[in-house]
Amino acid sequence: MNRKPEEKLDDETMVLVSVAKRQWERTFDAISEPLMIVDEQYVIQRANLALADELGSAIQRLVGNRCFEVRAASARRLVGGGGAPCAGCPVGQAQTAGVAAEGEVRSVDGRTYKLRAFPLLDQQALTVCHYHDVTDERAMTRELASAERLAAIGRLAGGVAHEINNPLGGILAFAQILQREEVSAQERREYLAEIERSALRCKAIVEALLRFSRQAPRLDRRPVSINDVVRDAARSLAARDPQGAAQSRVELGEGLPPVMGDAVQLQQVVMNLVANALDSDAHRADVRIQTAADGPHVRLRVVDRGEGIDDEHLARLFDPFFTTKEEGKGAGLGLAVAYAIVQDHGGKIVARNRTGGGAEFTVTLPAAGGPAGAGER
Amino acid sequence: MIADGREAAAGAGPLRVLVVDDEDVMRKAWTRILRPPEFEVRAAARAEQALAELERGPFDAVVLDIVMPGMSGLDALPMIKLRWPGVEVLMTTAHAGLDAAAQAVGLGACAFITKPFESIDAVAEAVRAAARRAVLRARPG
Numbered sequence: 001m002n003r004k005p006e007e008k009l010d011d012e013t014m015v016l017v018s019v020a021k022r023q024w025e026r027t028f029d030a031i032s033e034p035l036m037i038v039d040e041q042y043v044i045q046r047a048n049l050a051l052a053d054e055l056g057s058a059i060q061r062l063v064g065n066r067c068f069e070v071r072a073a074s075a076r077r078l079v080g081g082g083g084a085p086c087a088g089c090p091v092g093q094a095q096t097a098g099v100a101a102e103g104e105v106r107s108v109d110g111r112t113y114k115l116r117a118f119p120l121l122d123q124q125a126l127t128v129c130h131y132h133d134v135t136d137e138r139a140m141t142r143e144l145a146s147a148e149r150l151a152a153i154g155r156l157a158g159g160v161a162h163e164i165n166n167p168l169g170g171i172l173a174f175a176q177i178l179q180r181e182e183v184s185a186q187e188r189r190e191y192l193a194e195i196e197r198s199a200l201r202c203k204a205i206v207e208a209l210l211r212f213s214r215q216a217p218r219l220d221r222r223p224v225s226i227n228d229v230v231r232d233a234a235r236s237l238a239a240r241d242p243q244g245a246a247q248s249r250v251e252l253g254e255g256l257p258p259v260m261g262d263a264v265q266l267q268q269v270v271m272n273l274v275a276n277a278l279d280s281d282a283h284r285a286d287v288r289i290q291t292a293a294d295g296p297h298v299r300l301r302v303v304d305r306g307e308g309i310d311d312e313h314l315a316r317l318f319d320p321f322f323t324t325k326e327e328g329k330g331a332g333l334g335l336a337v338a339y340a341i342v343q344d345h346g347g348k349i350v351a352r353n354r355t356g357g358g359a360e361f362t363v364t365l366p367a368a369g370g371p372a373g374a375g376e377r
Numbered sequence: 378m379i380a381d382g383r384e385a386a387a388g389a390g391p392l393r394v395l396v397v398d399d400e401d402v403m404r405k406a407w408t409r410i411l412r413p414p415e416f417e418v419r420a421a422a423r424a425e426q427a428l429a430e431l432e433r434g435p436f437d438a439v440v441l442d443i444v445m446p447g448m449s450g451l452d453a454l455p456m457i458k459l460r461w462p463g464v465e466v467l468m469t470t471a472h473a474g475l476d477a478a479a480q481a482v483g484l485g486a487c488a489f490i491t492k493p494f495e496s497i498d499a500v501a502e503a504v505r506a507a508a509r510r511a512v513l514r515a516r517p518g
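Listed in order, the protein sequences are those of chains A and S. Residue 377 is where the first sequence ends in the working numbering, and the numbering goes up by one at each step. Residue 518 is where the second sequence ends in the working numbering, and the numbering goes up by one at each step.
Think of the hints as simulated: they come from the structure by calculation, not from any bench. For clarity, every value in this text was computed on a predicted model and none was experimentally measured. Accuracy of the hints is not assured; some may be wrong.
Claimed, not checked - Computed spacing ranges between beta-carbons, pair by pair:
{"id": "1", "chain 1": "A", "residue 1": "S236", "chain 2": "S", "residue 2": "A506", "range": "53 to 59 Å"}
{"id": "2", "chain 1": "A", "residue 1": "S236", "chain 2": "S", "residue 2": "A499", "range": "28 to 34 Å"}
{"id": "3", "chain 1": "A", "residue 1": "G357", "chain 2": "S", "residue 2": "S449", "range": "22 to 28 Å"}
{"id": "4", "chain 1": "A", "residue 1": "G154", "chain 2": "S", "residue 2": "R510", "range": "32 to 38 Å"}
{"id": "5", "chain 1": "A", "residue 1": "V264", "chain 2": "S", "residue 2": "T408", "range": "32 to 38 Å"}
{"id": "6", "chain 1": "S", "residue 1": "S449", "chain 2": "A", "residue 2": "E143", "range": "50 to 56 Å"}
{"id": "7", "chain 1": "A", "residue 1": "E312", "chain 2": "S", "residue 2": "P462", "range": "24 to 30 Å"}
Don't be surprised by glycine CBs; every beta carbon is placed ideally from N, CA and C.
Just need the whole structure built from these sequences, with the hints factored in.
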């Protein structure tokens, strides 16, 4: 006897669902990186082969357990345990916010995973979790950074050698002349004065170098208003260089978000850029310090109407000890210090010539999270 | 030892040397190391200024620093050798690299002196030898 058409449809639907389920399972397992679906209690609903392999377990033994407890039980690679989600786990955030979130979790054996959590936005509050092993990537980045650091140290050493060897050359030459030859009393005084001047210059260079080396570490990071930083810098400038301050105009943008940073160091950036701008312009006519919001960034710009920057100098502008100034008028560390500070803040600093003449230094810093205007008073 | 006037008297007048260095103390030191009457020294703080001095010339040798604001010594060197091929050029630098030395020699420099000098006698001798070579070429016999 024939079945009713509805029953037949149900059978067909069942077959289709089962095919779909198998397709999804196969797809899941074909992905070589660990994947799982957890509910709001972190209980694993589904897991792929890669995850089971990673944890040294079977898929069936994972499902039904909370992910962090499974990890604690098998204790093979991923870290969890302690009855709480892993440090850095983005699942909670993804579920609360209802949008994808990303975090970093570490395994017992020291591997680092980028964990992406995609909420499924259904009633069971399920979240898809995707693990991407970034350990080797990170190691490579660190190696690159250390290679860059070595190159920077090489440039620094070259700069120090040049700066110190010149006065040292004077000291050695005059010391030899004084020892070997008959010199008049006046010559003797003159040469000794040269030796002293040169030695003092060496001392100043070593001091500048020590200041530079002290710049980098230990950032006191908190939400900082760039406008406040600029105002403070302008006040310091007025105290130190009233004439320069009189030639500088401050143009502050409105509704700037705060940046995460060290106010004292950022102030140093402003001071160094302004000092550089004032020095570039023989008439010290018109230096402008501008701030503006720029999407998820805050922009600080220092503009001058000076001589501009030679193309050949643009690439070396931020190298320590690179200077185009006359001897004794600057050690070439101001822009290098500004560069190092901005880098430490995760920002960028770019120099370019303006079409109308003069140079423009733009610092872009990532805004701290939070509503625009929160950092403004 | 720094030569005295008797040696210079044997030739036809002093050896004329142009010292180019942006460092004031180095210009003073060179001027004192290369003394009259054996040497006649003029000094320039920039490569551009040195080219102008050479125009006014004549010189037997140029002591040319590499790292200077504006035109570098390595930029000036081929210009000098092209326009005044008889003038011997000795390069100096406070930040010596083998690359720069090789480049300088390739561009026609006859010596490469690193600062600081360990012996003023040795550098005086290098300048003396170079300048005399130029003199012999220009005024044979």
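Q. Checking against the hints above, which ones are violated?
A. Per hint list: 2, 5, 6 violated.
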